[in-house]
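Chains A and B, in that order, give the protein sequences. FYI, in the working numbering the residues of the first sequence are 80 to 291. FYI, in the working numbering the residues of the second sequence are 80 to 291.
Please note that a few of the clues may not be correct.
No copy labels: a pair is met if it fits in one copy or bridges any two.
[To be verified] In silico DSSO-like cross-links for lysine-lysine, where the CA-CA straight-line distance does not exceed 30 Å:
no., residue 1, residue 2
1, K274, K244
2, K160, K283
3, K283, K164
4, K274, K230
5, K187, K230
6, K187, K289
7, K289, K161
8, K274, K164
9, K289, K160
10, K274, K160
11, K291, K161
12, K164, K289
13, K274, K187
14, K230, K283
15, K187, K283
16, K230, K244
17, K164, K291
Since the hints were made in silico from the structure, they are not lab data. Please read all numbers here as calculations on a predicted model, not as lab measurements.
Number of protein chains: 2
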Amino acid sequence: MTEHTHIFNSDDIDNLEQRYRANLINCVSGFKSACLLGTTDGTTNNVAIISSVVHIGANPPLLGMIMRPHTVQRDSLENIKKSGKYTLNHVHSSWVDKAHQTSARYDKEESEFDAVGLTPWFSNNFSAPYVAQSHLKLGLTVEQHFTLCNKTEMVIGRVEELFVKGNTIADDGYIDIEALGSACISGLDSYHSTKRIAQYAYAKPNEILKQK
Amino acid sequence: MTEHTHIFNSDDIDNLEQRYRANLINCVSGFKSACLLGTTDGTTNNVAIISSVVHIGANPPLLGMIMRPHTVQRDSLENIKKSGKYTLNHVHSSWVDKAHQTSARYDKEESEFDAVGLTPWFSNNFSAPYVAQSHLKLGLTVEQHFTLCNKTEMVIGRVEELFVKGNTIADDGYIDIEALGSACISGLDSYHSTKRIAQYAYAKPNEILKQK
């Protein structure tokens with residue numbers, strides 16, 4: 080039961096070739112959310128794939144994300160710092176190719192929306208661009224922004240707007256993001272759809288776990 | 080293209096019934112990693128489902144997670160604070176029920192391993208318990224630990240050990256966590272397996288995106 084094909088200790092990991100280590104470690108965190116980050120400098124609308132979105136809390140409604148300031152994410156981060164506003168848009172399984180193509184290093188003046196064939200959409204009360212094609216869209220205002228121990232940056236935003244397509248919200252507030260077609264990511268470049276195994280009721284000690 | 084069935088603004092979200100809001104906001108971050116967090120106080124081995132693991136960086140190899148100090152996660156967090164060590168173990172699609180059952184509020188002296196039918200396993204050089212049944216196991220040492228704006232805590236750990244079952248690591252370091260059977264989570268209580276849509280090569284501007 081505890082036989083392992085691959086074993087890595089700290090030294091093994093340190094000694095890996097850089098690209099191999101990047102692929103390996105990007106997989107070990109498990110499946111990740113596939114979102115497009117929408118920002119603007121007022122002239123060019125920027126959209127970038129992001130896989131580091133994490134739930135921080137529901138009340139107030141807060142999401143976090145990890146950003147790399149010296150990468151292709153630089154323009155998005157600059158726009159967020161200046162405006163304090165950004166959108167997160169679930170990637171749909173039918174256009175993961177367009178979502179991944181936003182990771183190419185386009186010039187700052189070129190909109191990834193145009194380059195990859197996605198459409199910016201603006202709500203009445205929010206300055207950052209949404210992705211029209213997305214079935215779940217969030218508009219966020221920066222609540223906290225700081226640098227982590229490895230010089231990456233964590234941005235925590237408060238959800239100001241939420242748009243959901245289809246009849247996918249249950250009576251208890253659960254959004255069926257599988258029915259909505261939301262994709263997930265493993266590693267740096269693999270996209271997946273999902274298949275529900277089970278949804279469970281609240282677990283209690285010494286009681287048989289019930290499905291919802 | 081931009082018709083939405085459900086629209087929530089800030090006030091709408093603030094005015095939702097608490098449980099409804101918790102379900103709703105826990106879904107909007109997208110699919111989440113399903114991991115079991117293993118800790119010990121030296122006597123009782125603790126294991127707890129966690130869905131907030133996030134990639135922080137590959138060099139050094141760092142993962143983050145968000146913890147709620149006043150919930151069922153309290154014992155895990157205490158163990159981490161005292162020992163500085165914890166494990167993260169991918170949840171396999173075939174025993175998501177056992178993984179979810181760890182979220183029940185067991186007494187501090189009762190091991191969730193025994194209660195749900197999972198097996199603690201120890202490597203030679205690491206004090207925290209792994210989940211024997213897991214196909215991907217990580218041993219981590221706390222690198223940074225701090226409180227966020229909503230009083231949740233973020234723990235960043237450095238990967239000291241990695242154990243992987245099966246022949247699931249590609250030549251470039253990518254671990255096929257789908258072939259490994261790793262599950263993912265939506266909302267607070269829904270578990271999913273995955274189906275690969277595509278894996279893409281590095282994206283470049285003005286070049287057709289290639290599959291790997």
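Hint check results:
no.: 1; hint: K274 with K244; verdict: both (20 Å within a copy, 23 Å between copies)
no.: 2; hint: K160 with K283; verdict: between (44 Å within a copy, 26 Å between copies)
no.: 3; hint: K283 with K164; verdict: between (40 Å within a copy, 27 Å between copies)
no.: 4; hint: K274 with K230; verdict: neither (36 Å within a copy, 34 Å between copies)
no.: 5; hint: K187 with K230; verdict: within (23 Å within a copy, 37 Å between copies)
no.: 6; hint: K187 with K289; verdict: between (52 Å within a copy, 23 Å between copies)
no.: 7; hint: K289 with K161; verdict: neither (48 Å within a copy, 35 Å between copies)
no.: 8; hint: K274 with K164; verdict: neither (33 Å within a copy, 33 Å between copies)
no.: 9; hint: K289 with K160; verdict: neither (46 Å within a copy, 33 Å between copies)
no.: 10; hint: K274 with K160; verdict: neither (37 Å within a copy, 37 Å between copies)
no.: 11; hint: K291 with K161; verdict: neither (44 Å within a copy, 37 Å between copies)
no.: 12; hint: K164 with K289; verdict: neither (41 Å within a copy, 33 Å between copies)
no.: 13; hint: K274 with K187; verdict: neither (38 Å within a copy, 35 Å between copies)
no.: 14; hint: K230 with K283; verdict: between (41 Å within a copy, 26 Å between copies)
no.: 15; hint: K187 with K283; verdict: between (53 Å within a copy, 14 Å between copies)
no.: 16; hint: K230 with K244; verdict: neither (37 Å within a copy, 32 Å between copies)
no.: 17; hint: K164 with K291; verdict: neither (37 Å within a copy, 35 Å between copies)
Checked against the numbered hints above, the structure breaks hints 4, 7, 8, 9, 10, 11, 12, 13, 16 and 17 and satisfies the rest.
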